[in-house]
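Residue numbers (the working numbering), protein chains in the order written: chain S, 11 to 235; chain Y, 11 to 235; chain D, 11 to 235; chain U, 11 to 235; chain A, 11 to 235; chain H, 11 to 235.
Read the hints as simulated data drawn from the structure, not as lab findings. Misleading hints may appear alongside valid ones.
Which copy is meant is left open, so a pair is good if it fits within one copy or across any two.
[What the hints assert, rightly or not] In silico SDA-like pairs for lysine to any residue, Cα to Cα no more than 20 Å straight-line:
id, residue 1, residue 2
1, K62, D104
2, K176, G187
3, K165, G187
4, K165, L107
5, K191, N57
6, K77, K114
None of these values were measured; they are calculated from a predicted model.
Number of protein chains: 6
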Amino acid sequence: MNKIDKTIKPVTKAAPKEKSALRAIKGGKPVTKPAPMADDTPIIALNLPTAKLSPGMAAYFRKCQEKLGFVPNVLVAYAFDMAKLESFVAMYNDLMLGESGLSKLEREMIAVAVSSQNRCYYCLTAHGAAVRQYSGNPLLGEQIVMNYRAARLSKRQRAMLDFAVKLTAAPWSVEDGDREKLRRAGFGERDIWDISAVVAFFNMSNRVASATDMRPNTVYHGQAR
Amino acid sequence: MNKIDKTIKPVTKAAPKEKSALRAIKGGKPVTKPAPMADDTPIIALNLPTAKLSPGMAAYFRKCQEKLGFVPNVLVAYAFDMAKLESFVAMYNDLMLGESGLSKLEREMIAVAVSSQNRCYYCLTAHGAAVRQYSGNPLLGEQIVMNYRAARLSKRQRAMLDFAVKLTAAPWSVEDGDREKLRRAGFGERDIWDISAVVAFFNMSNRVASATDMRPNTVYHGQAR
Amino acid sequence: MNKIDKTIKPVTKAAPKEKSALRAIKGGKPVTKPAPMADDTPIIALNLPTAKLSPGMAAYFRKCQEKLGFVPNVLVAYAFDMAKLESFVAMYNDLMLGESGLSKLEREMIAVAVSSQNRCYYCLTAHGAAVRQYSGNPLLGEQIVMNYRAARLSKRQRAMLDFAVKLTAAPWSVEDGDREKLRRAGFGERDIWDISAVVAFFNMSNRVASATDMRPNTVYHGQAR
Amino acid sequence: MNKIDKTIKPVTKAAPKEKSALRAIKGGKPVTKPAPMADDTPIIALNLPTAKLSPGMAAYFRKCQEKLGFVPNVLVAYAFDMAKLESFVAMYNDLMLGESGLSKLEREMIAVAVSSQNRCYYCLTAHGAAVRQYSGNPLLGEQIVMNYRAARLSKRQRAMLDFAVKLTAAPWSVEDGDREKLRRAGFGERDIWDISAVVAFFNMSNRVASATDMRPNTVYHGQAR
Amino acid sequence: MNKIDKTIKPVTKAAPKEKSALRAIKGGKPVTKPAPMADDTPIIALNLPTAKLSPGMAAYFRKCQEKLGFVPNVLVAYAFDMAKLESFVAMYNDLMLGESGLSKLEREMIAVAVSSQNRCYYCLTAHGAAVRQYSGNPLLGEQIVMNYRAARLSKRQRAMLDFAVKLTAAPWSVEDGDREKLRRAGFGERDIWDISAVVAFFNMSNRVASATDMRPNTVYHGQAR
Amino acid sequence: MNKIDKTIKPVTKAAPKEKSALRAIKGGKPVTKPAPMADDTPIIALNLPTAKLSPGMAAYFRKCQEKLGFVPNVLVAYAFDMAKLESFVAMYNDLMLGESGLSKLEREMIAVAVSSQNRCYYCLTAHGAAVRQYSGNPLLGEQIVMNYRAARLSKRQRAMLDFAVKLTAAPWSVEDGDREKLRRAGFGERDIWDISAVVAFFNMSNRVASATDMRPNTVYHGQAR
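Take the sequences, apply the hints, and build the full model.
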């Protein structure tokens, strides 16, 4: 990994954020054609110069580029500080991609239902695309973006999203009865933790995105329609 | 660190959570006097057996015990899964204890103002105590718990908490004007990120706590009165 | 028009709504391939047999079929009663397609902003597609669906949507100052009426759609992406 | 009708709205005594000159004058444009006076309950009077204006108004269970449509009235006390 | 006062509340014609037998009967306990009838604006009548019942009611700026106290009335129309 | 009582409120050491000179001083006018200290739950201390301040606080079903009145305190921790 790291140049002044981020990923070479991430400039409304990517994060960004064709803007946004980027990535990957009684689709459904309650443009765009992709059902993504009650959900998934939206809108009112409803819908103790943790995580992410006017990669909009 | 790790025994069945967590910390030896963490039993309303602490986390728990005299219950709650505990601790420590233009007191003030908006018993208790300690002003902690508008704040701190509460209650409505108010109150770009990130983090933590009925260590209540 | 009208047979029993509506349009002949309107069955959650289309409405439905390739489900939903269908169509066409100081795109933007506030699945789907089409900007449609504050709007259009959302969410609080903001953004007296009337109309339509669980034609989802 | 129509003169400049409307009705002749509609001047806060009434609308206004003793101000407000006036009148008359499983009183009760939720001065005044008249029970009108829960309603009517207020306040939350409650209270499929349509219509009218500061004819206040 | 007191008989069992109250006032003699207070039976939804009126309260009830022609039902409701009745009457009379920089009409306007925000049937009825009477303007009473923003108020009175409604709906958000607005509208320190105290009092009364389903004397509805 | 009364000097100019109040209590003699009530200066944000205490109120203040060691600031705040102070004290003492089926602790629990809903700094501080004292359970006080749902309450007390918070937040929605829940939890008719009256009283007090920025005596913060 060292070889690649050498090519990553520190950003020495407050250059437009996403351009310097691209440079960080590409090793400072000029970008010769419009990159997918460059479409909504700047990525956030705060002027925070991108830091030198740590080896681990540089590898992760390259993996994103290879696998997705782009680096999600949220990662570029956090890339001004490696400690913040790394802890965000660690938590995100554990929650959304780690082992769980919830399918990846279900976790994305929660992400979208929470983000709809909070009207978060960034997360609705990125995770709406994920629901469309994981489900192979473009309508499902749209429905949860717009009003999850309009989706034709199983009882299990409806209970899951009802809990998600209640915990988002009125966390102070969640009590034993709410956990019982999840148990009756078939969720185990660990599942309830996982639902709660995903709901909680997107209540965090939605607020970072709204606070900074974070803009999603344009490529999401057309995915899996 | 190995030496200590050997003493930590894996939990082999779903024992009452806080007892097994204690055992994990103490190396399975019987606890001879009431430990501060055992006061509100159980710590959460989900039955999740504590996992074997990783070496890093075992060390961290011991450090808590030495420095604070107890392990905060939130850590015990997350200790059913090391990946979750570690990413939580990493993010928490970076945000609340890492380098920032915000003082530690200011970050705790944000934690309490957010938790008051969300009426989170756990976080109000733990971070209310922190505000009392860092500020040396017991009233300040009470005031932010009850209604931050009642506290006699500097313009800077008032702007910070106004932003925190707006981002908590109506994240969709945060726009350029809100960031401008922070800039006019003297906050820089990185400060605005840090304020936002702390607000966001406690919107996450509040929801994990509410979703699981997490109970704070009783010791907090009497601290720094 | 007479010739076509003769072929329209009255619906004699409470057949599944959308099938009988198709028959009404097609003159009772069997539908040989899946029609676009048939995708989300039934169109509404009330069992209301489609009435015989009046000559004017039969012509209008054919025009929809020719021009759009489908009859919008809202029209099929109202087709159980000609007086209701006709007054709905008359008001809709005057407001959305008639002469106005507002462009058709602007009227659709209002429709979507209102429907987003009310989280109306039908109207967000149908009018979100219209914003994408009229604007040639797929992102704009998405942004207004998700949170109009995320769209990069002119001052005029921002003032227009701010008014729309306030009038939707808290009509009792609209006063002279709100009208003055529209005037300062360049709107005339008649424009203010038109903005208000479109806002009001979609506050009506959203509620008919929500009350009846109206399902949009699936074809909208893929339009103008 | 021709004879009367000839006497209606077009309004040639932006005269005070309600005066020109009177002239349109009366054929341009001076009004010799205070007309009931002239009491709250101007009728709306937008300067929109009244158009020449179409023959149908002129006849309708005369009918209002004969039957009610005045032309409701909402009609005068819409009279700047015949297409808008006509589609409003068509929809209103079908909904409120047409055939329905709901009595006219029940439709007016819905109008008032919705307008109370939206705190619409115009509609509460005009339709509050209608409830008092249709019911012969002055208290009933007052109660629904103030808080429909204070009225002694039948189960049927209580279910109807509960649905009306929920659909007004939180349309996104209306689901199958809400329709089922109406069915259990004795309402049929068409009745549910009619309830919904009246609720929806007044959510429209309330917003046109609030957006334009529409003033009710003073005569309503004293009716049927 | 003794002579009158002798005629007041203690109520010996839980008779229907308003009947026993009447008996208390009339000295136990049969009521020969429908008394104004008897119209909405029972006065409250709690079964609380009326106590023997103290001499002071008996005199006060007689004074009400002579001056108003009826005893306001709120007094009958409190008459199950003399200490409660007396402290209520003392506070009410001081606030609403005592010396103040606010006119009696202004105090009643506040009462109605607060009760409208809280949708209190009892208080809107009784104090709506008072506004109509004191102002000699029946419309003013109706407007404040329905939406005080629709009333044509002086700047002073508008500032007063804006404060009243804010203090009612979101007391936690009232701060120095709100008091300053009152000062700029011409109110002195004592006036601000009086406004606040009247707002506060009706936030109390509204809740006693709503909690007990208190019914106003029917006579109010027709007063000063 | 005369002897003491003579020593109380009238306040002759708008001196700083709490100083003159102290003088009124102490008979104008210089206060030689910091009095507990002087800690948060001034007590309210309105400049209202303290009046000469009536004999009854002077005795009451002395009793407070002797029994509590301080005069609660709310009393000092009302002391600009004896009629207001006396009616407040009479109502308060009857409700909170008089005979009732509710224990004094229960009444204080209601006071705190209401004040938490209204986020009233003064009342949360003063009555939070009372709950801690009466219950001998410091946590209980904290829990009701923060979120009463976090407290381990009996069914009776939970029903009581649920009613209290609903009546505070949405008084218009309280109906027979809510009173029935109290009856089923074991409360009698008079108990329901008492619960309602205490809820109502603190909805009043919270608003007087918020409207005037009333500051609690600092001594409360440390009591019964």
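Here's how the hints hold up against the structure:
1. K62 - D104: between (24 Å within a copy, 18 Å between copies)
2. K176 - G187: For K176 and G187, the Cα distance is within 20 Å both inside one copy (12 Å) and across copies (18 Å).
3. K165 - G187: Both ways: K165 and G187 sit 17 Å apart in one copy and 15 Å across, limit 20 Å.
4. K165 - L107: neither (24 Å within a copy, 42 Å between copies)
5. K191 - N57: Answer is between; shortest inter-copy Cα gap is 16 Å, intra-copy 45 Å.
6. K77 - K114: within (17 Å within a copy, 40 Å between copies)
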